[in-house]
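Colleague: For reference, the chains in residue letters:
4 protein chains.
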Amino acid sequence: MTTRTFERRIRLGMVGGGQGGFIGGVHRFAARLDDRYELVAGALSSNSERAAASARDLGIKEDRTYTDFADMAAREAARPDGIEAVAIVTPNHLHFGPAKAFLEAGIHVICDKPVTTTLAQAKELAEIIEKSGKLFVLTHNYTGYPMIRQMREMIAAGEIGKLRHIQAEYAQDWLTEAVETRGAKGAEWRTDPARSGAGGAIGDIGTHAFNLAAFVTGEVPDRLYADLTSFVPGRTLDDSANILLRYKSGAKGMLWASQIAVGNENALSLRVYGDKGGLEWHHEAINQLWFTPYGEPKRLITRNGAGAGHAANRVSRIPSGHPEGYLEGFANIYSEAAEAILAAREGRTPSPDVVYPGITDGIAGLAFIEAAVQSSKNSSWMQLDC
Amino acid sequence: MTTRTFERRIRLGMVGGGQGGFIGGVHRFAARLDDRYELVAGALSSNSERAAASARDLGIKEDRTYTDFADMAAREAARPDGIEAVAIVTPNHLHFGPAKAFLEAGIHVICDKPVTTTLAQAKELAEIIEKSGKLFVLTHNYTGYPMIRQMREMIAAGEIGKLRHIQAEYAQDWLTEAVETRGAKGAEWRTDPARSGAGGAIGDIGTHAFNLAAFVTGEVPDRLYADLTSFVPGRTLDDSANILLRYKSGAKGMLWASQIAVGNENALSLRVYGDKGGLEWHHEAINQLWFTPYGEPKRLITRNGAGAGHAANRVSRIPSGHPEGYLEGFANIYSEAAEAILAAREGRTPSPDVVYPGITDGIAGLAFIEAAVQSSKNSSWMQLDC
Amino acid sequence: MTTRTFERRIRLGMVGGGQGGFIGGVHRFAARLDDRYELVAGALSSNSERAAASARDLGIKEDRTYTDFADMAAREAARPDGIEAVAIVTPNHLHFGPAKAFLEAGIHVICDKPVTTTLAQAKELAEIIEKSGKLFVLTHNYTGYPMIRQMREMIAAGEIGKLRHIQAEYAQDWLTEAVETRGAKGAEWRTDPARSGAGGAIGDIGTHAFNLAAFVTGEVPDRLYADLTSFVPGRTLDDSANILLRYKSGAKGMLWASQIAVGNENALSLRVYGDKGGLEWHHEAINQLWFTPYGEPKRLITRNGAGAGHAANRVSRIPSGHPEGYLEGFANIYSEAAEAILAAREGRTPSPDVVYPGITDGIAGLAFIEAAVQSSKNSSWMQLDC
Amino acid sequence: MTTRTFERRIRLGMVGGGQGGFIGGVHRFAARLDDRYELVAGALSSNSERAAASARDLGIKEDRTYTDFADMAAREAARPDGIEAVAIVTPNHLHFGPAKAFLEAGIHVICDKPVTTTLAQAKELAEIIEKSGKLFVLTHNYTGYPMIRQMREMIAAGEIGKLRHIQAEYAQDWLTEAVETRGAKGAEWRTDPARSGAGGAIGDIGTHAFNLAAFVTGEVPDRLYADLTSFVPGRTLDDSANILLRYKSGAKGMLWASQIAVGNENALSLRVYGDKGGLEWHHEAINQLWFTPYGEPKRLITRNGAGAGHAANRVSRIPSGHPEGYLEGFANIYSEAAEAILAAREGRTPSPDVVYPGITDGIAGLAFIEAAVQSSKNSSWMQLDC
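Protein chains in written order, with our numbering: chain W, 197 to 582; chain R, 197 to 582; chain F, 197 to 582; chain P, 197 to 582.
No lab work stands behind these hints: they were computed from the structure. Remember, predicted model here, so these are calculated numbers, not experimental data. Each hint should be verified, as a subset may be incorrect.
Cut-off 27 Å, straight-line C-alpha distance, at most; resulting in silico cross-link-like pairs (BS3-like, lysine-lysine) [said to hold, decoys possible]:
(1) R:Lys257 to W:Lys257
(2) P:Lys573 to R:Lys358
(3) W:Lys444 to W:Lys358
(4) F:Lys381 to W:Lys573
(5) P:Lys319 to P:Lys444
(6) P:Lys257 to F:Lys257
(7) P:Lys358 to P:Lys444
(8) R:Lys296 to R:Lys257
(9) R:Lys296 to R:Lys319
(10) W:Lys327 to W:Lys296
(11) R:Lys319 to R:Lys472
(12) R:Lys573 to P:Lys573
(13) R:Lys444 to R:Lys573
(14) R:Lys472 to R:Lys444
(15) P:Lys381 to R:Lys573
(16) F:Lys444 to F:Lys358
(17) R:Lys358 to R:Lys257
(18) R:Lys327 to R:Lys296
(19) W:Lys472 to W:Lys444
(20) P:Lys358 to R:Lys573
(21) P:Lys381 to R:Lys472
(22) W:Lys444 to F:Lys573
(23) P:Lys444 to P:Lys472
(24) R:Lys444 to P:Lys573
(25) W:Lys381 to F:Lys472
(26) W:Lys573 to F:Lys358
(27) W:Lys358 to F:Lys573
(28) R:Lys381 to P:Lys472
(29) W:Lys573 to F:Lys257
(30) W:Lys472 to F:Lys381
Derived, one-sided and incomplete: chain R residues facing chain F with beta-carbon distance under 7 Å [as the list claims (entries may be wrong)]:
(31) Gly414
(32) Glu492
(33) Pro493
(34) Lys494
(35) Ile497
(36) Ala502
(37) Gly503
(38) Val550
(39) Lys573
We treat Cβ as the ideally placed atom computed from N, Cα and C, and that holds for glycine.
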């Protein structure tokens, strides 16, 4: 378990995340857990009444409650006690605008994924980030899990040898029926191309599996072959995606993302095989990692337990056997971001241990979505343009 | 998932929990997670230098940094913005004094378990609490887990019928060797009767298993038969406890608490059988509960998923399939306490849904420890004096 | 548990399966378990010394010990007490010849899979079978497992609704290194196109996963897209196969077969999702089947336990909770064959409950292998020619 | 995988095991699996019609079909081709008589457990065995499992160090209700003291757990403290047993045997902890053994897989990852017995590898039952008289 000291909390704003949503609350839990942030401003909703009520709930003062993100960016930038960073937790199509506005106002951005709805826009954002000199953190939260960090460290250290095969899955079942027609808010925008972009399941959860595979292996596939399906009648976007992956290194992979796989609540898993060993991780048992050195018994590495290394232990809070969960992993991204923001504030380089997803991951994610959609349409292998 | 609104945070103080400890940090995480508290004062260590440094780390102001709990109680009680509640996170022998001081100063108390080192003292404290009219919350944190709440609700609703057998276990392995002689701070006081009381493993973890069994079944055994052992040479207190339980209702049970069971990190588990069904829960899979109605297939009830009811869902934060962990369960106790404190502040009765362990549980825990120690010494069944 | 009565044992011969092999012994265990067969003749090896020694080990008399299958077929057919059925357990390229010889001699055939090394040959064999009027049983042994039968029965009964997605896997790790160059007999012929046919991992294990998916769903995919790889340097045939499946019904699937996935001993698994439910089965827990009706808790159906139906129970021998294994499943195929052989002997139709894989499955398997090899070569979807 | 050669099968008779029973069939599967026995004679039932029908089913000739075991012993002993061994598979109270008769007739005995209904009788039988010079094999079948052999080998080799704590469980739920009053044959005699002896659950399944603990550790507890219960109204014998164990070596243990634990089909498990490591085995996953060397990651040892040693591998038939089950374990006892019988026939000592339970285990089992019953009655620790 690591302990962290801090000088003072980072002043944080939030765009989106008003009453009734899910992910906004998650970001707030994540920001709060390690006490590295103070939420002081917000444009929590474009509906002024809802924005005000939501802000009141969160203890945000009236004069820092906004209904318009551009207004918020301008006014916060002008305050001596203005926010240093903003969390953008709106639906996908409303990421780019706020991100641009805050970056250009000189404010660091923490943004939900996928970064934008198109690859072109993601690349445009990359330039804006570059120019702004500000930090951009993409909350591919699963990269914050200690056992995922452990996997990454072990693969980088050669413990499974040369990479051969990756089996990535993300299965859910909450879109098994047409719940988007029955008032399920989260389902509405996720199944709407105008708000989600070209990807349904591949955008919402496939990108997580894709990102995780890249994070732990250090490799992004250069080509993919996809077969996307919308099983639920009337649904435009894919709700199940079957994808083959090829890597420049010669490694291959399969990626399955589905939101109609009955019996799967949130079954993200990653299995990686090299010529010397294999690693297996399942979201249902996030505090455990299975490692098999070829020809030896499988070993159970546990969070903060025997076999766990530096990369995992530095993002663990409590002793082994005491389960950490989803919020803790999400909080790790926020705390990594806090390290980077403090370093920026103080004009120093953060420790090389500090790792978080950024615009490069965002671009890769969009390249993945667009290649998958094209491949499925054309029945051909597609290059990932990233 | 429930969302919670609040008027303003509860002003919290802390006794104990300075740099280097474990449980103080856990209490702070727990207090912070749902944003119901603000830590504004502390007597974090009796060493003034360490107290000051620890307070600085936590953003506690200098004028509210204390080295003496009595002083803190008096001065905080005198402030108009004084703390409303205090968290006591010292070793066991230092619970009673601070608890008494703060209660008598009119401040609510949240106290780590076991409540005191002797049953007599626990009963004395009960009177002090009674007299004070203040709230006393004992952090038997495992009662905060949604699936434990689910178990309790189902048993109360008769879903497993008349109770027959309880199998409670809490196995760890961190005291397999004499680590207390090699500088392991947490091990030092836990193996020292002067600081821990009469119970070793039964006090430290056995009481958790005991409390959990009582919490879910609504029954406290009236007799027990114990065989305690100190396996590690030189250790005075038990490091492994084998206990038989008998209930007035005719139910029976077994309780095993061990800190020398190699391969068990923190293996708390509870299996409860009635004449109509069985329920099984394991800490390693805290978001899952197994329910078997007699003669039917076993069913997997998941946190916030299908089969989960009101009692579990109201203490869940995120959707099913997104693991919650130890800190979330601990935070539930803090948030239940917050509900009760706010109700007290506003002169109303909290919702009957609000549930947290208190002095009754503390007395039962000490009665359990003392009966176990006596039984093991005398080789006879002992009544629990609670 | 079903009990079976029989008039007398079926006289069985065996081709292949001499000392040192694996699968011959398995067939003998399977034939013996339910006491439905008596092994009385064999051409166990083409090496006469090894043939004789192997026969002696098995209690086969000298005058019924052969070195040539054609000779055996002729002479056994001529005996009044000649064999009624022959088990062919040679490497793949030696299935067709013996099968033809025995069928044409009027002897039923039980043959290891894949049925032949080419699709053309499999189709030719189908005609020979047809003409012979004899039974042909293909030992896709996994179809013998009670929980696989259960899955099939439930899908046929509509318990998961309309089929949507199939996730089939068969992962092993014994070919992670070039063991075929180091004297591993089983690896030698399996990695040799001359003896195995065009498929490596897809032929050896992929066909099992393919067959199982077809068996439980009652559907054979009409198209597939494959990406086959030989990861181990110097190996000609695939040792890992990534395959996408499409069904006429609109269902889709993924099939992964790999013999280089370190940490997987024999990880066959099948997950099937419909619009009303999901079913999951893993070889490691062969006596268990997970069933989730949409929106309800997952249920654990166990062999001979609550929730198991007629199709599963009639092929179970012992009570629930007493694990049956691989040999029991294999034996079920033999016992189903025995039912069919006895019925044939007595000129009656066997009960419709009796189910075993035959030449249709064999043809589908070869069509699968050839389509996969072609698809991988051409980078295009291929029809299955069956 | 070991292969076994044999000269010829052992001529076996059976007492009990007629149509409708369970355990007789299991013994026959076990005898048949490795082809070491030929069942040629039987007194399968005392009802002559049922005896005849049962024998016909099994291919036993009419002149070797008996209704009286004494008659059978005498006549088989007199035949030149008489049986060499007899399997006794009657209810408990009918073990002693046949065992005595066959031993005195010079025929080896394979007997179901518990060996007799009283300790005195078990000791008397020991003398009869001694005098007869014949082999006596007690089918504590669980000792035949490869992973149990592995556990035993590892403990003997000191891999977990000095023994400290044993946690043994055997939980079932089939006696949750009074099924013995509703025609469940197996339940009738098992709940009847006249036919079962003094123990209910402790006799039927507790002895298995007890025997297994002794088998793997090489230690029999010298004292126990028991709390037995008959939960089901009207039942005389215990259906749930809570037991504390103490060993001369200083080790301790807990043993729970219950037949009313809803949701447990046949949950036998054994966890053993020493000062250097821990071992855990569960019947539900019989092909797996968990080993934790203190301070290192838990390791998964699999049947015939990495980490498995000679003792386990010699009783394995098929490769790792191919599950073996209950019948295979039972068959291992029969095949060990066959090794011993052949050695006896040939006047040589069997290999020291050959291990099977015998009368010593039977006496210990009865001592366990009687001590438990006494302890529970007297509320005192009881010595085991063995």
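Colleague: Would you mind marking each hint as holding or not holding in the structure?
Modeller: Here's how the hints hold up against the structure:
For the hint pairing R:Lys257 with W:Lys257, the CA-to-CA distance comes to about 23 Å; that is within 27 Å, so the pair holds. With a C-alpha separation of about 24 Å, the suggested pairing of P:Lys573 with R:Lys358 holds against the 27 Å cut-off. Restraint check for W:Lys444 and W:Lys358: the C-alpha separation of about 13 Å stays at or below 27 Å, so the hint holds. The straight-line distance between the Cα atoms of F:Lys381 and W:Lys573 is roughly 45 Å, outside the 27 Å bound, and the hint therefore fails.
A threshold of 27 Å between alpha carbons decides the hint, and for P:Lys319 with P:Lys444 the separation of about 22 Å falls inside it, so the pair holds. Of the supplied pair hints, the one linking P:Lys257 and F:Lys257 holds, its CA atoms being roughly 23 Å apart against a limit of 27 Å. This hinted pair checks out: P:Lys358 and P:Lys444 have alpha carbons roughly 13 Å apart, not beyond 27 Å. Between R:Lys296 and R:Lys257 the CA atoms are separated by roughly 25 Å; this keeps the pair inside 27 Å, and the hint holds.
For the hint pairing R:Lys296 with R:Lys319, the CA-to-CA distance comes to about 12 Å; that is within 27 Å, so the pair holds. Our distance criterion of 27 Å between C-alpha atoms is met by W:Lys327 and W:Lys296, whose separation comes to about 11 Å. For the hint pairing R:Lys319 with R:Lys472, the CA-to-CA distance comes to about 37 Å; that exceeds 27 Å, so the pair is violated. Our distance criterion of 27 Å between C-alpha atoms is met by R:Lys573 and P:Lys573, whose separation comes to about 21 Å.
Note on R:Lys444 and R:Lys573: the hinted pairing holds, with a Cα-Cα distance of about 23 Å set against a maximum of 27 Å. Proximity of R:Lys472 to R:Lys444 is assessed by CA-CA distance (about 19 Å); at most 27 Å being required, the pair is judged to hold. As the CA atoms of P:Lys381 and R:Lys573 are separated by approximately 45 Å, the hinted pair breaks the 27 Å bound. About 13 Å separates the Cα atoms of F:Lys444 and F:Lys358, which keeps this hinted pair within 27 Å; it holds.
For the given pair, R:Lys358 sits about 54 Å from R:Lys257 by alpha-carbon distance, which is inconsistent with the 27 Å threshold. For a cut-off of 27 Å, the pair hint linking R:Lys327 to R:Lys296 stands: about 11 Å separates their Cα positions. A hinted pair counts as satisfied when its Cα atoms are at most 27 Å apart, and W:Lys472 with W:Lys444 qualifies at roughly 19 Å. The hinted pair formed by P:Lys358 and R:Lys573 meets the criterion: a straight-line CA distance of about 24 Å does not exceed 27 Å.
Distance hint between P:Lys381 and R:Lys472 is fulfilled; the C-alpha atoms sit about 22 Å from each other, no more than 27 Å. Our distance criterion of 27 Å between C-alpha atoms is met by W:Lys444 and F:Lys573, whose separation comes to about 18 Å. At roughly 19 Å between alpha-carbon atoms, P:Lys444 and P:Lys472 fall within 27 Å of each other, so this suggested pair holds. About 18 Å separates the Cα atoms of R:Lys444 and P:Lys573, which keeps this hinted pair within 27 Å; it holds.
Between W:Lys381 and F:Lys472, the direct Cα distance comes to roughly 22 Å. Compliance with the 27 Å bound is thereby established for this hinted pair. Between the alpha carbons of W:Lys573 and F:Lys358 the distance comes to roughly 25 Å, so the proposed pair stays at or under 27 Å and holds. In summary, the hint linking W:Lys358 to F:Lys573 is supported, as the alpha carbons are separated by about 24 Å, within the 27 Å threshold. This hinted pair checks out: R:Lys381 and P:Lys472 have alpha carbons roughly 22 Å apart, not beyond 27 Å.
Taking the CA atoms of W:Lys573 and F:Lys257, the gap is near 65 Å; set against the 27 Å cutoff, the hint is violated. Our distance criterion of 27 Å between C-alpha atoms is met by W:Lys472 and F:Lys381, whose separation comes to about 22 Å. The beta carbon of R:Gly414 comes no nearer than 24 Å to any beta carbon in chain F, farther than 7 Å, and the hint placing it at the interface is violated. Here the hint on R:Glu492 is kept, as its CB sits about 5 Å from the closest CB of chain F, short of 7 Å.
Annotation: R:Pro493 was flagged as interfacial toward chain F, and the flag holds, the nearest CB pair being 4 Å apart, inside 7 Å. Because the beta carbon of R:Lys494 sits about 4 Å from the nearest beta carbon in chain F, less than 7 Å, this interface hint is met. About 5 Å separates the beta-carbon of R:Ile497 from the nearest beta-carbon of chain F, less than 7 Å, and the hint is met. Residue-level restraint check for R:Ala502 holds (minimum Cβ-Cβ distance to chain F is 5 Å; threshold 7 Å).
The beta carbon of R:Gly503 is positioned within 7 Å of a beta carbon in chain F (closest approach about 4 Å), and the interface hint is therefore held. Of the supplied interface hints, the one on R:Val550 is violated, with its beta-carbon coming no nearer than about 27 Å to a beta-carbon of chain F, more than 7 Å. Annotation: R:Lys573 was flagged as interfacial toward chain F, and the flag is violated, the nearest CB pair being 40 Å apart, outside 7 Å.
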